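S.K.: Chains as they are written, first to last, in the numbering used here: chain Z, 1 to 129; chain X, 130 to 323; chain A, 324 to 427.
These aren't lab readings, by the way, just hints derived from the structure by calculation.
Keep in mind that this is a model prediction, so the values were computed, not measured.
All the pointers check out, no bait thrown in.
Simulated coverage check for chain X against chain A, where a stretch passes if three residues somewhere in it have a Cβ under 8 Å from a Cβ of chain A:
no., region
1, 138 to 150
2, 157 to 169
Residues of chain A clear of chain X, computed beta-carbon distances all greater than 12 Å:
no., residue
3, Asp395
4, Ser398
5, Arg410
6, Asp424
By construction, the Cβ of each residue, glycine as well, lies at the ideal position given by its N, Cα and C atoms.
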Amino acid sequence: MAQPKAVSRSTRDAGPATLGAGVRIRGRISGDGDLTILGTVEGSVVVRGELTIGEGATVTADELSATAVNVAGSVSGNVLATGAVHLSQSANVRGDLKGSSISMDEGAQFAGRIDADFELPPELAGKSR
Amino acid sequence: MANDTNDTRTVLGRGTRVRGRITGGQDLEIHGHVEGEISASGEVSIESTGTVSSSIAAHSIVVRGAVRGDLTAEDSVHLEDGARVVGDVRAPRIAIAQGALVKGYVQTGEASAQRPAAARKAVAAAPAVRAAPVAVARPVVATPPRKVEKPVAAPPPPPVKRPVVTLAGAKAAPSPVVPALKKGAKGALAKKRG
Amino acid sequence: MAGTVIGAGITIEGEVISDEEVVVQGTIRGKLQAKEGVTVEAGAVVEADIHGGPMVVAGWVTGNIVSSDRVDLQSGARVVGNVKASRITIADGAQFKGNVDMDV
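Pulled out of the complex, with its shape left as it was, chain Z reads as follows (with noise of 0.2 Å):
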C-alpha cells in the first residue's frame, strides 16, 4: 500500500498517531495531535492537528474535522478543516468541502460542495450564489 503524506512531528504531547490498514473502528475518534487513518471508519472524527486519510482507507463520517486534511482514499461525510484540505489522486470523497484552501489533484475523484471565502471581483458582483 501506497505510504500516505504522514506527517511524523508531534504536537505538544500528543503524538501522531495512526489507526493501520488493518483496525475498522465504529465510533466517534477525537484528539489533539496529528492522525494517520489507514483502515476502516465509520462515526466521527474530530482531531486539532492534521489529518491524512491514506490510499485504502475508508471513512464514512457525520463530520471530519481537523486542523488539515489530506485525502487519498475514500470519504463519505463532510470535510471541515480550519487549514488546508487536500485530495489527491487517489482520492474518491462524496461530500462537502470546507478549508482556507481547497485543492485536488487532477483524477481525484470528488462530488459535493466547495465554499471557500472569497469576493468576485466588482464587474461579477451580484447575487451571490
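For chain Z, the structure is supplied; the task is to place chains X and A on it using the hints.
M.R.: Frame of chain Z, contents of chains X and A only:
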C-alpha cells in the same frame, strides 16, 4: 462562402467586452469581460484579467481569472492559482490548484461530462453520482446543486476501449514465400535473362 | 498583449465593445464597436453596425459602418449598409450597396 475552420483561435483582449452568446470555434482565450453564454468545442481559457459572467461549456476549461457561472467540460477543468469561481464545476477530470478559490458544487467523473451543444440548453447535469460508489452504509451527505433542472439526455461518453486489432488469421506478418537466394544469385539470374 | 481576434468558426451573437483593435474572422451578429479599428477578414460575416476607428473590410458586412477615420473595402468585400467615414476606398472587386457620407 464558408468560414474556414483551420485557424480558429479566438482571443478576446483585455480591453474587449462581449455581451451575448459565443458559440463554436475551437480555442477561446479570454482576457477581457464576457457576459452571456459560452459554448466552444476546444479549450476555453479565462486568463488572469478575464472576468466572465456566463455558463461555460467546452471540451476543456482552464481558469486563471474570475467566473460567475457553471463550468462544464467534456474532458477536464483546471482551476489554477488565482482563479475565483462561483458556480458549479462538472467534468470527468478536475484539478484545483492551491490558491484557486471555488464556491459551488463540484463533480468529477464520466457521468458529469456533457457535450457543449447540449450543455448550452441546460448546464446543470444530473446530480446523481454515477461513479462507482464508495463502500458505505450511510447515504451520501453531499448537497445537491442549486438548479433543479431535468438532466439533459447527453449519453455518457463510451468507455475507453483499446481496439483489438487482429490481422486476419496471423499473429505476425507471414514471411515472404520467396526462398532466400544465395549471394550473387540475383546477379547471376539477371545475367542469364539479359 | 495582441488585440482581439474573433477566430473563424466562432459566432458571437450580441455586442462586442473594445478599446483595442478587433480582427474578425468568424461571425458577429449584433453590434461591434472598436475604438482602434476593425478588420473584417475574408470569410468573416458581420451582421451588425460597426463603429470605431479605421476599418478594413474584406469579408461580408450587413450593417452601417461608422468610422472616425478611414474605411477601406477590399476586393472580395461585400457591404450592404451605409458608410460614414472621413476617407473611403472601394477596391475593384468589392461589392457595395449603401450611402456614403464623408462629412463634406
